[in-house]
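A.B. asks: Sequence:
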Amino acid sequence: MHQDPQRGTILIVDDNLDIRRTAKAFLEHAGYSVVTAADGQQGLNYYERHRSSTTLLLTDVSMPNMDA
Numbered sequence: 001m002h003q004d005p006q007r008g009t010i011l012i013v014d015d016n017l018d019i020r021r022t023a024k025a026f027l028e029h030a031g032y033s034v035v036t037a038a039d040g041q042q043g044l045n046y047y048e049r050h051r052s053s054t055t056l057l058l059t060d061v062s063m064p065n066m067d068a
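One point on numbering: in this note's numbering, the residue at position 46 of the sequence shown is 46, and numbering is uninterrupted.
Calculated from the structure, these hints are not laboratory results. Any given hint might turn out to be false.
Derived CB-CB ranges, DEER-like [as the list claims (entries may be wrong)]: (1) G31 with N65: 14 to 24 Å; (2) H29 with N65: 28 to 38 Å; (3) Y47 with R7: 26 to 36 Å; (4) T54 with F26: 14 to 24 Å; (5) L17 with Y47: 17 to 27 Å; (6) E28 with T59: 23 to 33 Å; (7) N45 with K24: 12 to 22 Å; (8) T59 with R7: 13 to 23 Å; (9) I19 with T54: 30 to 40 Å.
Computed cross-link-like contacts, SDA-like style, restricted to lysine to any residue with a CA-CA straight-line distance of at most 25 Å [as the list claims (entries may be wrong)]: (10) K24 with T9; (11) K24 with T54; (12) K24 with Y46; (13) K24 with A38; (14) K24 with Q42; (15) K24 with G8; (16) K24 with T36; (17) K24 with V61; (18) K24 with L57; (19) K24 with G40; (20) K24 with L56; (21) K24 with D39; (22) K24 with R51; (23) K24 with L58; (24) K24 with E48; (25) K24 with S52; (26) K24 with S62.
Heads up, the beta-carbon is just placed ideally off N, CA and C, and yes, glycines get one too.
Turn these sequences into a full structure, and let the hints guide you.
C.D. replies: Take a look at the structure:
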């Protein structure tokens with residue numbers, strides 16, 4: 001299945017590579033465009049530049065160097 005830009009772009013932020021890969025594959029198979037980030041700072045940087053085109057943000061509950 002190809003990605004459908006009408007479905008939107010999902011940003012996945014998770015420090016676990018296996019989770020990022022699995023979620024990305026699943027969502028791309030469903031037709032979404034998917035961007036991944038390995039940590040919270042990477043995710044924030046991407047989101048700040050692409051806020052208007054990001055439809056959904058999926059993030060880990062606990063991120064190294066980002067927890068209060």
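A.B. asks: Taking the hints in turn, state whether each one holds.
C.D. replies: Evaluation of the provided hints:
1. G31 with N65: 14 to 24 Å: 33 Å, violated
2. H29 with N65: 28 to 38 Å: This hint holds: roughly 31 Å between Cβ atoms.
3. Y47 with R7: 26 to 36 Å: Violated - the Cβ-Cβ distance for Y47 and R7, about 18 Å, lies outside 26 to 36 Å.
4. T54 with F26: 14 to 24 Å: 18 Å, holds
5. L17 with Y47: 17 to 27 Å: Roughly 20 Å apart at Cβ, these two residues keep to the hinted range, so it holds.
6. E28 with T59: 23 to 33 Å: Violated - the Cβ-Cβ distance for E28 and T59, about 18 Å, lies outside 23 to 33 Å.
7. N45 with K24: 12 to 22 Å: 18 Å, holds
8. T59 with R7: 13 to 23 Å: At roughly 19 Å between Cβ atoms, R7 and T59 fall inside 13 to 23 Å, so the hint holds.
9. I19 with T54: 30 to 40 Å: Since the Cβ atoms of I19 and T54 sit about 19 Å apart, the hinted range of 30 to 40 Å is violated.
10. K24 with T9: 11 Å, holds
11. K24 with T54: Roughly 15 Å between the alpha carbons, so the hint for K24 and T54 holds.
12. K24 with Y46: 16 Å, holds
13. K24 with A38: Distance of about 13 Å is within 25 Å: holds.
14. K24 with Q42: 16 Å, holds
15. K24 with G8: 13 Å, holds
16. K24 with T36: 8 Å, holds
17. K24 with V61: Between K24 and V61 the Cα gap is close to 18 Å, so the pair holds against 25 Å.
18. K24 with L57: Since the Cα atoms of K24 and L57 sit roughly 12 Å apart, the hinted pair holds (cutoff 25 Å).
19. K24 with G40: 17 Å, holds
20. K24 with L56: 13 Å, holds
21. K24 with D39: 15 Å, holds
22. K24 with R51: Judged against 25 Å, a Cα distance of about 19 Å means the pair holds.
23. K24 with L58: The given pair, whose Cα atoms are some 11 Å apart, holds under the 25 Å limit.
24. K24 with E48: 21 Å, holds
25. K24 with S52: 20 Å, holds
26. K24 with S62: Distance of about 19 Å is within 25 Å: holds.
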